[in-house]
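K.L.:
Here is how the chains run, residue by residue.
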Amino acid sequence: DTAVSQTPKYLVTQMGNDKSIKCEQNLGHDTMYWYKQDSKKFLKIMFSYNNKELIINETVPNRFSPKSPDKAHLNLHINSLELGDSAVYFCASSRLAGGRGTDTQYFGPGTRLTVL
Amino acid sequence: AQKITQTQPGMFVQEKEAVTLDCTYDTSDQSYGLFWYKQPSSGEMIFLIYQGSYDEQNATEGRYSLNFQKARKSANLVISASQLGDSAMYFCAMREGISSGSARQLTFGSGTQLTVLP
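Chains A and B, in that order, give the protein sequences.
Numbers 2 to 117, taken from my numbering, label the letters of the first sequence in order.
Numbers 1306 to 1423, taken from my numbering, label the letters of the second sequence in order.
One thing to keep in mind: the hints can contain errors.
[What the hints assert, rightly or not] List of simulated lysine-lysine pairs, BS3-like, C-alpha gap at most 25 Å:
hint	chain 1	residue 1	chain 2	residue 2
1	A	K37	B	K1308
2	A	K37	A	K53
3	A	K45	B	K1308
I should point out that these hints are in silico values taken from the structure, not numbers from a laboratory.
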């Protein structure tokens, strides 16, 4: 009964490779997000999709590309991986704001990416 | 300027005691939301409690309560009767513009590592 799931949980790869992380939510939410947590535990938004449409795109290298095939899925593709991409990537989902607490974001378990 | 400030990188508390984790925020929005998340050593992000800027009452969820002081722009998390399982990193986060209907990201503080001592 996992609400927000991500695969894989761990990803170890060489510099220069291309990799994808998948995210699925079964909460019926219409908005999904990708966050990056760096080695100092700082969390920062990367992207947000609402109803399959990109609505937030922070300053992220264009090697990162989100793709949302439907409202329940938001995948993250990373091309030409670099050492600095090593981090934990979290997917999250929420409803759009509309009332008290209804926009709470629920997070997936995270994907620890290590680039060698 | 930092939008969310957590000034306590680490805190210790004795089991069964209460502890307050500090959070101050900065926004020019009138309508915003404040959240606390817990990240145990296993790594997942667990939602704890929410406070809306227009909520008149402080939020409570079980042993968690939020001490919201709007004029001081602070939203401190109070954990009562600490348990060993409360040892974790705690993040304060803000979502601005909740009345606009647009999805806005969470801005996180740097976190406080809480250790509960037996």
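K.L.:
A separate judgement is required for each hint: does it hold in the structure or not?
P.N.:
Hint-by-hint comparison with the structure:
1. The suggested pairing of A/K37 with B/K1308 holds, with an alpha-carbon distance near 18 Å, which does not exceed 25 Å.
2. Of the supplied pair hints, the one linking A/K37 and A/K53 holds, its CA atoms being roughly 20 Å apart against a limit of 25 Å.
3. Between the alpha carbons of A/K45 and B/K1308 the distance comes to roughly 12 Å, so the proposed pair stays at or under 25 Å and holds.
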